[in-house]
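Asker: Here are the chains, one letter per residue:
2 protein chains.
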Amino acid sequence: MNNTKAVIITIGDELLIGQVIDTNSAWIAQQLNVLGIDILRRVAIGDSKESIVSALDEESKHADIILLTGGLGPTADDITKPVLCAYFGGKLVVDEAVLTHVKDIFTRRNRPMLERNLKQAEVPDVCTVIPNKLGTAPGMLFEQGGKIIVSMPGVPFEMKGMMTAVLLPMFAKRFQQSNSIIHRNILTFGEGESFLAEKIKDIESSLPEYIKLAYLPAPYAVRLRLTAHGKDEQALITETENFRDALAARVADHVVSFDDRSLEEIVGNLLKKNKLTICLAESCTGGYITHKLTQNDGASQYLKAAVVSYATEAKVKILNIDADLIKQHGVVSEAIAIAMAQSSRTIMNTDIGFGVTGILSNSPYEDASPVGTVFIAVANKDKVMSKQYRLHYDRIQNKETAAQIALYMIWRFITTYSI
Amino acid sequence: MNNTKAVIITIGDELLIGQVIDTNSAWIAQQLNVLGIDILRRVAIGDSKESIVSALDEESKHADIILLTGGLGPTADDITKPVLCAYFGGKLVVDEAVLTHVKDIFTRRNRPMLERNLKQAEVPDVCTVIPNKLGTAPGMLFEQGGKIIVSMPGVPFEMKGMMTAVLLPMFAKRFQQSNSIIHRNILTFGEGESFLAEKIKDIESSLPEYIKLAYLPAPYAVRLRLTAHGKDEQALITETENFRDALAARVADHVVSFDDRSLEEIVGNLLKKNKLTICLAESCTGGYITHKLTQNDGASQYLKAAVVSYATEAKVKILNIDADLIKQHGVVSEAIAIAMAQSSRTIMNTDIGFGVTGILSNSPYEDASPVGTVFIAVANKDKVMSKQYRLHYDRIQNKETAAQIALYMIWRFITTYSI
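One line per chain: the protein sequences are Z and S, in this order. Heads up, the final residue of the first sequence is numbered 419 in this note's numbering, and it's a clean run with no missing numbers. Heads up, the final residue of the second sequence is numbered 419 in this note's numbering, and it's a clean run with no missing numbers.
Hints were generated in silico from the structure; no laboratory data involved. As the structure is a computational prediction, the values presented were derived from the model and not from experiment. There may be inaccurate statements among the hints.
Note that the list lumps identical chains together, so a pair holds whenever it fits in one copy or between two copies.
What the hints assert, rightly or not - List time: in silico PhoX-like cross-link candidates among lysine-lysine, alpha-carbon distance up to 20 Å: (1) K119 / K201; (2) K5 / K49; (3) K49 / K91; (4) K119 / K199; (5) K61 / K147; (6) K61 / K49; (7) K61 / K317; (8) K5 / K119; (9) K91 / K119; (10) K49 / K212.
Go ahead and model the full structure; you've got the sequences and the hints to work with.
Answerer: Shown next as structure tokens:
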């Protein structure tokens with residue numbers, strides 16, 4: 001395992017008081033991983049000179065690449081640039097290309113240019129500038145003792161722009177790996193981590209030392225991930241996929257996909273592939289399932305509409321569900337989930353309809369069902385699939401879980417009935 | 001600044017290949033901050049003995065408290081417990097209380113008990129067990145050289161359960177701070193970071209050394225955060241709030257709230273306080289705004305329903321918008337956003353209606369508007385507020401931004417017309 005080693009350092013007091021969640025690190029890790037570059041560690045530190053200097057000192061002992069994000073804004077709390085300039089023994093000079101770019105941005109946005117924005121065109125004279133097409137703060141690349149240190153803005157799309165356009169191609173060229181790194185995934189649904197592990201323990205213990213198995217649990221779902229290191233990429237792929245197939249065969253009832261994709265992408269792709277349209281009726285999940293499906297590119301090919309019938313009267317007024325049916329069964333019931341699925345299909349004339357109704361937390365609801373009760377139904381013109389679940393988490397986690405189960409049920413409906 | 005110092009170490013290979021986003025750290029940081037405990041650093045490492053040991057060695061040089069999460073599951077890739085046991089010189093013994101608890105969980109879930117689950121009842125004999133009411137892996141607290149080291153599961157609600165029930169009260173008692181730490185926030189909307197900074201620069205430079213100002217930018221929004229350290233808490237609060245009020249007065253047109261809450265919470269609370277009901281019609285945002293509002297506890301008090309009219313025909317069939325009006329103006333137009341707002345209000349007879357239509361990415365749409373065009377409208381029975389925006393990000397970021405603007409527009413509508 002002599003892969004190139006990288007460390008990610010995220011800079012910003014807001015990370016240490018929990019005011020923002022760091023999503024940059026996961027994205028960077030995924031991209032480097034594809035190139036066979038291992039992430040050793042991720043470190044989050046505050047906007048202080050001491051923290052930045054000591055993190056650079058410490059991490060450069062082990063890493064070939066250090067990627068820093070954050071602290072490059074135009075305001076006084078952003079100190080990364082002068083600290084790096086001093087650390088690498090340079091001085092700040094105006095970069096004409098950056099200056100022109102910053103001026104252009106302000107002209108295009110019809111905003112006056114401020115002195116502090118002009119300052120963003122200053123860069124250490126010991127760095128290579130990485131252009132930031134999507135913002136005003138340039139990236140900076142330093143080389144020292146055979147190591148590469150890059151500073152990028154913390155704004156996610158600006159950072160991603162720089163990585164995609166400049167850094168990833170550069171790393172790919174420079175750090176040609178003698179070792180390959182291969183990941184293969186199995187997304188399973190409906191079986192706990194321990195039970196999966198028990199069913200596959202003989203396969204797991206037969207894995208060679210250079211192939212590792214990890215369990216990535218989420219509510220109701222576990223992703224099994226095989227990671228293999230080796231020299232002969234083709235042989236490694238074959239061997240890893242053989243193990244994957246053996247694992248999948250052992251837990252076949254629970255396998256959803258080999259794709260390293262989210263459940264909403266898998267469901268979206270299945271709908272697209274089978275040329276199916278869908279309309280959803282969501283109650284307790286409040287539009288979250290529809291939001292997830294519309295995160296997918298090209299969702300308009302299958303998603304026609306959704307109704308978030310949060311109040312009981314919305315089920316009557318928008319979905320045309322019989323008020324007597326609601327009175328008879330209660331609004332949180334299998335009958336109403338099925339009525340929602342059928343009605344949502346009918347109102348938009350889609351191939352598939354979907355309904356979910358439940359109680360995710362203590363509420364002033366009149367319904368008698370216990371907290372955590374959720375009914376989910378999927379229907380087409382001939383068939384209905386429905387099921388009751390009982391969730392045990394808090395409100396937010398119950399919503400997340402119900403949405404995952406819902407996406408799984410849609411997947412299951414389509415694959416079971418081969419529609 | 002002699003506050004107690006804490007470090008968070010998150011353990012798991014999945015963090016280093018970017019397969020999961022760490023949300024635990026932000027939550028932990030927020031909770032400790034309330035107690036006046038500063039987070040020095042956050043470190044993410046893989047499931048390896050060397051990484052865990054070297055992180056413990058390194059971080060215990062500076063921290064009084066080290067909180068570890070992850071690697072306590074029942075499968076072979078989870079090695080945190082034996083590594084900690086060896087590190088602190090203990091041996092694993094069965095804890096009878098944990099064993100009873102684990103057995104209870106399996107009985108309640110009607111699942112057979114596996115050998116590997118029994119193993120979860122083993123704990124190092126040199127630790128204090130922290131009960132995990134919501135799962136099978138117990139927490140472990142070690143003390144060494146006046147420092148506290150705690151290992152918790154990575155599953156968010158299990159970790160939160162332990163922190164809330166046991167650790168936070170313990171820390172509060174043990175680390176009575178001689179210094180207080182005070183945060184005061186101003187959420188602003190519609191003005192860029194540089195322009196805000198320019199308007200308040202004299203106030204910023206007049207801040208005493210023990211009060212820091214940070215800018216936390218998000219698309220269209222910037223949160224200004226004052227952080228003050230000092231001995232006399234009441235005097236510190238008064239002084240910090242005076243500075244906050246001076247800053248707010250300077251940028252009054254852009255101030256939304258002093259609450260350290262998300263925009264959806266602020267809007268939800270405003271609706272609740274004014275006893276207003278709302279129905280939304282979302283097109284390009286695909287249910288995301290409704291999802292955000294239903295993250296709030298008690299959302300059913302104001303949210304009656306929403307229609308995600310993703311396809312053009314959904315605007316006709318569910319929202320009853322005149323097809324000729326769509327033909328005349330195009331589906332991405334101010335007229336249609338207003339029609340959506342008015343129709344959503346009418347179909348559910350709510351106080352407020354809302355509409356958003358736009359193009360967030362290149363799509364097979366027939367519409368002539370350029371990518372990034374979004375029209376947003378809010379209406380009650382007498383008034384309408386509508387506006388066109390032009391967003392410049394990618395699909396996901398445009399959706400996020402449109403949702404933020406939408407929530408802001410609802411806030412602005414209610415506060416402007418004092419309804």
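Asker: Each of the hints needs a verdict: does it hold here or not?
Answerer: Results of checking the hints against the structure:
1. Within a single copy, K119 and K201 get their C-alpha atoms only as close as 59 Å, which misses the 20 Å cut-off; across copies the closest is 15 Å, which meets it.
2. For the homomeric pair K5 and K49, the shortest alpha-carbon distance between copies (18 Å) is at most 20 Å, but the shortest distance inside one copy (25 Å) is not.
3. In this assembly of identical chains, the alpha carbons of K49 and K91 lie at most 20 Å apart only when taken from the same copy (16 Å versus 42 Å across copies).
4. Taking the shortest Cα distances, K119 and K199 sit within 20 Å of each other only across copies (17 Å), while inside one copy they are farther apart (61 Å).
5. Taking CA atoms no more than 20 Å apart as the test, K61 paired with K147 passes inside one copy only; the shortest distance there is 10 Å, against 26 Å between copies.
6. Taking the closest pair of Cα atoms, K61 and K49 come within 20 Å of each other both inside a single copy (19 Å) and across two copies (19 Å).
7. In this homomeric assembly, K61 and K317 never come within 20 Å of each other (Cα to Cα): the closest approach is 66 Å inside a single copy and 64 Å across copies.
8. When the C-alpha separation of K5 and K119 is checked against a cutoff of 20 Å, the pair qualifies neither within a copy, at 33 Å, nor between copies, at 34 Å.
9. In the homo-oligomer, the alpha carbons of K91 and K119 lie at most 20 Å apart inside one protomer (13 Å), although the nearest pairing across protomers, at 58 Å, exceeds that limit.
10. Taking the closest pair of Cα atoms, K49 and K212 come within 20 Å of each other only across two copies (15 Å); inside a single copy the shortest separation is 39 Å, beyond that limit.
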